[in-house]
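Chains L and H are the protein sequences, given in the same order.
Residues in the first sequence are numbered consecutively from 1347, following the working numbering.
Residues in the second sequence are numbered consecutively from 1347, following the working numbering.
Treat each hint with caution, since some may be false.
One copy or any two copies: either way a pair holds, since identical chains are not told apart in the list.
To be verified - Calculated cross-link-like contacts (lysine to aspartate or glutamate; reagent style EDC-like; alpha-carbon spacing at most 16 Å):
| no. | residue 1 | residue 2 |
| --- | --- | --- |
| 1 | K1637 | D1570 |
| 2 | K1356 | E1453 |
| 3 | K1590 | E1481 |
| 4 | K1545 | D1503 |
| 5 | K1355 | D1417 |
| 6 | K1499 | E1364 |
| 7 | K1545 | D1555 |
Treat the hints as calculated values from the structure; they're not laboratory data.
Listed below are the residues making up each chain.
Number of protein chains: 2
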Amino acid sequence: MQARIIDGKKASEELNQETAIEVANLARSHNLQPGLAVVLIGDDHASSVYVNMKAKKTIELGIYSEKIVLDKNAAADEVLQVIARLNKNPKIHGILVQSPPPPQMDESLIVRAINPAKDVDCFHPVNVGKLLLGENDGFYPCTPYGIMILLEKNGIDTVGKHCVIIGRSNIVGKPMMALLVQKEKGANATVTVCHSMTKNISDHTRRADIVIAAIGKAEFLKVDMIKDGAVVVDVGINRIEDSKSPKGYRIVGDVAFEEVARKASWITPVPGGVGPMTIAALMRNTLKACKLQNNING
Amino acid sequence: MQARIIDGKKASEELNQETAIEVANLARSHNLQPGLAVVLIGDDHASSVYVNMKAKKTIELGIYSEKIVLDKNAAADEVLQVIARLNKNPKIHGILVQSPPPPQMDESLIVRAINPAKDVDCFHPVNVGKLLLGENDGFYPCTPYGIMILLEKNGIDTVGKHCVIIGRSNIVGKPMMALLVQKEKGANATVTVCHSMTKNISDHTRRADIVIAAIGKAEFLKVDMIKDGAVVVDVGINRIEDSKSPKGYRIVGDVAFEEVARKASWITPVPGGVGPMTIAALMRNTLKACKLQNNING
């Protein structure tokens, strides 16, 4: 058996198209344009590439985009002032500060300074709390939210399924657990979370209907760690040395793709799986933020 | 084999004694007294008994206690005004509104009106979010927090253990999962959450090192659902008919105690297990709230 590919590029294009249509409708019905501000501190190349990708997608979908680049030695106060200004700016409905911030800044201070209503990354405790409580007037963190939509768009039901998450980060593992366990349509899974302190991770993954690998270790999940026909979602983005590549490295996920694909029923590739969904989910959150801030339902 | 009893009464007395000592120290060192206000809406007998138990324990430990009883037909506005007044009252460090509120009130509106710094029940989304994120300047919900202390006081380590929680309520199941999964001393468990949509709950519970039953079904967990030597924590409080009892009923937990006790290594009784820990944890939270509001460490 060869697994079917869960095509994140295709699903994200569909989702982005839906978002673009709703953005256009919002302009017609309410004369409103969602706006997203991205704050970049320093000139880290990878962060910069990522921020530019987000800005480009924003504009493509008809969303207003603002990019603020601060010096890498910027004082925390300066960042907080920028955030305070964006919090008040009615053209901006979503704010994100590209992480990680430079070492002189306390990330939790920055996160807590963002108006929760504009916290489209869902990093603020109040939004994380709403997520766990199952309240729907907050946001869902972009990567887990993107995965939920990706599964749904491929007709992969999670109800009553045993989902095993590898990794307990605040960005993926924990919010993924919170989303999957809810008593909500498209969730309702039995959830297990494994991590660095778990004994014999494969004892858990081998029993899973759906495995979500988010542990940040290149090709960690091997074929003997899953059961026949499992669905495998790969959140990892790791560089490994590759002398054959002109760059000297290549990008792999947390899953040993080729061998696992021979046993799984569905699998996400890296790249082209979860990655594009994360940005598409961010666009949904920006649209939602605009609607919530203007008391528009639906 | 006969399980050892996890004595919640004894552990709660120890914990309460520790709290009383700290309260006395706080009076000496800072001339401060922690204060807890309990708001009761209506005259529901069970709620009233519970509120009185809390108030009595508060006074016993040297904590200032205030009880506000409102008419069961009180308007939501009236409740919100009472909360607003307590939010401002410097003698009050913790506020709880005995749930469930009467049907005319939106519980989430009441919860969100409480100043998060005084939310000793940990119902406010911002505190729930801090809990999931692993930030320690909020509170832990009293029942799961009480269970963590109960395990610790009995030398039952959770690190690397597989904990299976039955139930996904906002009061027990979900926060229990959040506490156990953290990368923190006394947590670090591999966690599985089962619920009404889980297929074959016993497939999961039979593999667990620690089972936490919080599903609200009388004697749900039977002996054939656990493995030899498992630790069993029973959160349930259920009435079942009993013609031999003068009241016509008796209280049982979510665990079929007698049979499960023959196979488990440790088990909590009902009553006298988790119950007393919940109130003792509330007292800890009130003390913590007082310290946080006065910028006192430790």
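Here is what the structure says about each hint:
1. K1637 to D1570: Intra 46 Å, inter 51 Å, cutoff 16 Å: neither.
2. K1356 to E1453: neither (34 Å within a copy, 42 Å between copies)
3. K1590 to E1481: Result: close neither inside a copy nor across copies, 49 Å intra and 44 Å inter.
4. K1545 to D1503: between (28 Å within a copy, 14 Å between copies)
5. K1355 to D1417: neither (33 Å within a copy, 58 Å between copies)
6. K1499 to E1364: within (13 Å within a copy, 54 Å between copies)
7. K1545 to D1555: This pair counts as between: shortest inter-copy Cα distance 12 Å, intra-copy 20 Å.
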